[in-house]
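Okay, here's what each chain looks like letter by letter:
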Amino acid sequence: GQQVMQIPQYQHVQEGEDFTTYCNSSTTLSNIQWYKQRPGGHPVFLIQLVKSGEVKKQKRLTFQFGEAKKNSSLHITATQTTDVGTYFCAGPRGFKTIFGAGTRLFVKA
Amino acid sequence: DTEVTQTPKHLVMGMTNKKSLKCEQHMGHRAMYWYKQKAKKPPELMFVYSYEKLSINESVPSRFSPECPNSSLLNLHLHALQPEDSALYLCASSQEGQGRGNTIYFGEGSWLTVV
Numbered sequence: 001g002q003q004v005m006q007i008p009q010y011q012h013v014q015e016g017e018d019f020t021t022y023c024n025s026s027t028t029l030s031n032i033q034w035y036k037q038r039p040g041g042h043p044v045f046l047i048q049l050v051k052s053g054e055v056k057k058q059k060r061l062t063f064q065f066g067e068a069k070k071n072s073s074l075h076i077t078a079t080q081t082t083d084v085g086t087y088f089c090a091g092p093r094g095f096k097t098i099f100g101a102g103t104r105l106f107v108k109a
Numbered sequence: 001d002t003e004v005t006q007t008p009k010h011l012v013m014g015m016t017n018k019k020s021l022k023c024e025q026h027m028g029h030r031a032m033y034w035y036k037q038k039a040k041k042p043p044e045l046m047f048v049y050s051y052e053k054l055s056i057n058e059s060v061p062s063r064f065s066p067e068c069p070n071s072s073l074l075n076l077h078l079h080a081l082q083p084e085d086s087a088l089y090l091c092a093s094s095q096e097g098q099g100r101g102n103t104i105y106f107g108e109g110s111w112l113t114v115v
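Chains A and B, in that order, give the protein sequences.
For the first sequence, counting from 1, position 19 maps to 19 in the numbering used here; every step adds exactly one.
For the second sequence, counting from 1, position 25 maps to 25 in the numbering used here; every step adds exactly one.
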């Protein structure tokens, strides 16, 4: 069945460095969503991308949806300690939403 | 702040106990979910209720029993659990079903420990 693969599994960065996580699907996605989960917290919706090639920005976060609608990325510019957490992409599979394995971001001050 | 509230936040239960997790949302959402999340793993779908009817059961063992008393409430009844069932249990809701681009709103979760 359709899977949503996410890399890297984890990344350590120095505060101020950039960070990117990638999400790939074996099939075309009608949409893709991104969630953030802080340590000890719950997943919180960040954004949804729907259109081919779509790019959306939220302050230092840039989200992209590939032209073929099979891949997506989340890029954080100049990370801060508040960016620490796990970032999940999620895509539809039938009547369900399937989550990627997540990328854990560690930021060293 | 989440608009999906869950109780209790923490629960420790023995393998012979019967307990329940409760969830409430007042966003008028028609779909509600239970997820299980183990450490360093993504949320794993357990059950989906759509318009108060169980629409998806992801082959969850019968020791987990969901209940949807009305459109705002969702319970998860627990009985004869095993230590490996210890996890974070997340309730969530969306305007309609999943897979249609509906944002999923998660509660803060119930941390369950089975001893």
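Hints in this document: simulated from the structure, not taken from any laboratory.
Source: prediction; values computed, not measured.
Note that beta-carbon positions come from the ideal geometry of N, C-alpha and C, so glycine has one too.
There could be a bad hint or two in this list.
As the list claims (entries may be wrong) - Chain B side only, calculated, beta carbon under 7 angstroms to chain A, not exhaustive:
| hint | residue |
| --- | --- |
| 1 | Gly14 |
| 2 | Ala39 |
| 3 | Pro61 |
| 4 | Pro83 |
| 5 | Glu96 |
| 6 | Thr103 |
Said to hold, decoys possible - No more than 20 angstroms apart at the CA atoms, straight line, and that leaves these computed lysine to aspartate or glutamate pairs for DMTMM-like:
| hint | chain 1 | residue 1 | chain 2 | residue 2 |
| --- | --- | --- | --- | --- |
| 7 | B | Lys41 | A | Glu17 |
| 8 | A | Lys96 | B | Glu44 |
| 9 | A | Lys59 | A | Glu17 |
Status of the hints after comparison with the structure:
1. Restraint check, glycine 14/B versus chain A: the minimum CB separation of about 25 angstroms is more than 7 angstroms; hint violated.
2. With a least beta-carbon distance of about 11 angstroms to chain A, the hint placing alanine 39/B at the interface is violated under the 7 angstroms criterion.
3. Interface restraint check: proline 61/B against chain A, minimum CB-CB distance 19 angstroms, threshold 7 angstroms, status violated.
4. Interface hint at proline 83/B: violated, since its Cβ lies 21 angstroms from the closest Cβ of chain A, which is beyond the 7 angstroms cut-off.
5. Hint status for glutamate 96/B: violated, given a least beta-carbon distance of 10 angstroms to chain A, over 7 angstroms.
6. The closest approach between the C-beta of threonine 103/B and any C-beta of chain A is roughly 5 angstroms, which is under the 7 angstroms cut-off, so the hint is satisfied.
7. Proximity of lysine 41/B to glutamate 17/A is assessed by CA-CA distance (about 25 angstroms); at most 20 angstroms being required, the pair is judged violated.
8. Straight-line distance between C-alpha atoms of lysine 96/A and glutamate 44/B comes to about 11 angstroms, which keeps the hinted pair within the 20 angstroms bound.
9. The suggested pairing of lysine 59/A with glutamate 17/A holds, with an alpha-carbon distance near 15 angstroms, which does not exceed 20 angstroms.
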